[in-house]
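*Asks:* Sequence:
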Amino acid sequence: MAYTVKVDIVSAEKEIYSGSAEMIFATGVLGEMCIMPGHLQLLTFLKPGEVRLRVGEDKDEVFYISGGILEVQPLQVTVLADAAERAADLDEAQAEEAMRRAQQALSDKQADIDYATALSDLAQAAAQLRAIRKIREQ
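Read in order, the letters of the sequence shown are residues 1 to 138 in the working numbering.
It cannot be assumed that every hint is accurate.
As the list claims (entries may be wrong) - Restraint-style ranges between C-beta atoms, simulated for each label pair:
1) K6 to D108: 16 to 24 Å
2) V10 to E97: 40 to 48 Å
3) E92 to E32: 38 to 46 Å
4) G56 to Q104: 40 to 48 Å
5) L42 to K14: 23 to 31 Å
In short, the hints are calculated from the structure, not lab data. Keep in mind it's a predicted model, so treat the numbers as computed, not measured. We treat Cβ as the ideally placed atom computed from N, Cα and C, and that holds for glycine.
Just need the whole structure built from these sequences, with the hints factored in.
*Replies:* Spelled out as structure tokens, the structure:
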């Protein structure tokens, strides 16, 4: 039996996941990271994207988060997400439409847009699509 760590993924609305995992993969502000049982304590910001949990041999659970905080304690890992969903629950057509709208807003030089918001929308839509495609690969 592999070593595991307790993992909780919660958003402002609800608890998305509570269980054990052998490994946790996430994207922090400094890049990709892999958390395993026995990892040193850590507190870091997470970028919008996928959080992947290795829950069994060749079995992963994939989640999309819009950003948040990752806390690693000796026996528990907690992801506090601004918003979170299981990747399987994401709507690909809706994510593609959001990406198209953000790209159009960024390319329209005549429009009075909030550039930072449009970039954020584009990054979130791209992260959702990556999470959806990761699910398809399994």
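*Asks:* Would you mind marking each hint as holding or not holding in the structure?
*Replies:* Hint-by-hint comparison with the structure:
1. K6 to D108: 16 to 24 Å: 47 Å, violated
2. V10 to E97: 40 to 48 Å: 28 Å, violated
3. E92 to E32: 38 to 46 Å: Violated, since E92 and E32 (Cβ atoms, about 23 Å apart) do not stay within the stated range.
4. G56 to Q104: 40 to 48 Å: Once the Cβ atoms are compared, 42 Å apart, the range 40 to 48 Å for Q104 and G56 holds.
5. L42 to K14: 23 to 31 Å: 24 Å, holds
Hint check: violations occur at hints 1, 2, 3; the rest are consistent with the structure.
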